Structure formats: C-alpha cells, structure tokens
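**Student:** Sequence:
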Amino acid sequence: MHDAVAAVIGQDRPVDLPLWRSFWDGLHEGGLRRGEAVALLASLSTAMPGRTTLTALLDSLAERRPGPAAGGTGAFDGAVNIVGTGGGPRTFNVSTAAALVAAAMGTPVVKTGSRAYTSSMGSLDLLDHLGIPPTRSYEETHELLEHCNIAFAGYFVYPAELALLARAVLPLDIRGLGRFVNALGPFLADMPVSAQVTGVADARLAPGLRTAAAHVARGTGRRVWLAGNDLGADELLACTPNRVHAYEADGEDEFTLDAALLGLRPGTLEGLRPRGSDPVAYFTAVLGGGGTPEAEDTVCLNAAALAVAGRATSDWHEALRGARAVIHDGGALALLRRLRTRAAVHA
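Numbering (this note's numbering), first residue to last: 582 to 928.
No lab work stands behind these hints: they were computed from the structure.
Keep in mind that the hints are not guaranteed to be accurate.
[Unchecked claim] Pairwise CB distance ranges (calculated):
(1) 871 - 628: 15 to 25 Å
(2) 859 - 833: 35 to 45 Å
(3) 614 - 788: 30 to 40 Å
If you're wondering where the values come from, they're calculated on a predicted model, not measured in any experiment.
Just so you know, even glycine gets a beta-carbon here, dropped at the ideal spot from N, CA and C.
Generate coordinates for the entire structure from the input sequences, incorporating the hints supplied.
**Tutor:** Structure, rendered in structure tokens:
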C-alpha cells in the first residue's frame, strides 16, 4: 500500500508534500494497486485530515495545474466567485441566481461549480438546461467576462488528478466516495479572482475548511469568505443568521449577518424549495421577481455579499437595494438573455 494511503487510513502521521507528490505520480503512471484510490477517498470522506496533511494536499495539487499565463488574460482582478461545498437542504440554485444578479448590478463574477452531488441540480446541470455552456479556457473566460461581466468556468480549472481518481474507483460511483473532494472543491479550482464566497453545509467539515480557506488566502492573496448557518445550507440564508469567517493574506475576521437587522423578511426553508417541474421556468421567475419572498431575499443577500466581498461597496443596505433593483427592473433577466443569445450564436 502506498505510504500516503496508509497514513491517511491510520491517521497516525501527517502526509507531507513529497508523499502527496509520490501518490499523484503513481496515479498518473498507473502504479497504484487496485483499491488504493477507493481506500484513500473513503478515508478522507470519513474524517477530515489534519492541518499538515490538508495544506500539503492543496499545495501538491496546486503545483500540478498549469494555471493562467502570467501577464495574460487569466487573472480576473476585481471579480468574485460564489461556490458552495454541496449538501444541505434542497433549494433552487441560489448561487447561480446570485451570481447573475451581482453581475447585473456591476460586480464582475467568475463562477465555478459542478454537477449535482446530493442536490437534484448543480450549477453545471442548470447551465445545461439554460443553454449556457461553461467556458473551456482562461482566454474564453476572460472574453465572456469582458462582454457580459460574468462567466461560468468549466472543469479546466480543476486538477486533472480529480478525473484520474474518478476513473480509478470505477465501477464504483465517485459521488458515493467523493464527499471530501466535493467539499474541498471550492479550494481546488484554479480561479484567480479577487474574492470568493463559499457556503459550508456540514458544520463537521468547517474546521478543516477554515484551514483550507486561510491557506488559500495566504497563498493566492484571494479574499475568502466561509459562511455557515444553523439550518445547514451551503449558501447565505435570508431566514436565519449567518456566520462568516473572512480570510485575507494578512489575517482573518469573523462576523454575523443577521437578516432581520438587514431588513430582510422573515421566512422558512420551504420558501427556497424548487417549484414546478421546469427548473428553468422557476429560475427565471426568481430572477424576474416572481419567486417567493424567501427566494428573492436570499438571492439578494448572496448577491450583496459578492458586492461587499469584491469591494464594489462596503454598505450592505446599498448592495441589497442594488440587487433588488436589477431583479425588479429586468436587469438580471436581460443579462441571462444576453448569455443565452451569445451561447446560441457561438454554438
């Protein structure tokens, strides 16, 4: 058994950077024994690894990604990413709606995401239904951001090792083993934005993810907000207080977003459930102000968070007013139509 796998299973010693490098080399070369990838993923999904193992894992994958060319079109200064860790109560796709609303109100957004893990529809699944393909390169992402103030990045931003792991566990389903990888996903994407807002559904994962967020902030200079709430959603909710851990390259902070103090309406999780059988119809209804009060307020809260995290404004009330304005004046729907039309023309 590879030493990295044995250490993760035994939890008796950390896995350092050279050991992770050796494991990834073995994965690429086909040198691992049958079942070792399954054992690694199962163990990681059972217990979040310690700080040394986790940060070395992040570094070992970061150094393998080619990333954007220095001085090229791959650095998205001023842009913000919103992406959750998956899991939690079943809701409509809040983060994608918030990304569109924030972009319509002037905050550049480059969003990463994935297929559904535990929910019925992940962000990439919804984009399929909307007819908006994710971008395939940093250059394409930059071009779309320039034209529409928003881009949805494809799998090219993730380490190739994730796909190799998925193939290595066949015929087992990666979704049954990849809980850890899915949760860590927001910190594995090589997306050079200025800020990132990430919701955490499972409070048991929060300590490890705070370690990851702080490590990424120090290593990249990206501002990272890690949010959670007592209802276990992986996005900010308008119907309950939200705790936010904010990380910068030079330090960290913690604050609470109280929906009531922000003037948002009381509500329940039920108001965030998907409505009807057509996901596109309800999604567009929310963007045009035709969703439930909880849906509108939650989208506005997340869009406001993108504006504040991206430093487009420091005034939460101003950001919320701006988000609500583009929902009710048609700005968010107009942006969605623009994206769909552009995608159809370039198909």
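**Student:** A separate judgement is required for each hint: does it hold in the structure or not?
**Tutor:** We went through each hint and held it up to the structure:
Between residue 871 and residue 628 the Cβ separation comes to about 44 Å, which falls outside the hinted range of 15 to 25 Å. Roughly 42 Å separates the CB atoms of residue 859 and residue 833, a value that falls within the hinted 35 to 45 Å. Checked against the hint of 30 to 40 Å, the C-beta distance between residue 614 and residue 788 comes to roughly 32 Å, which is consistent with it.
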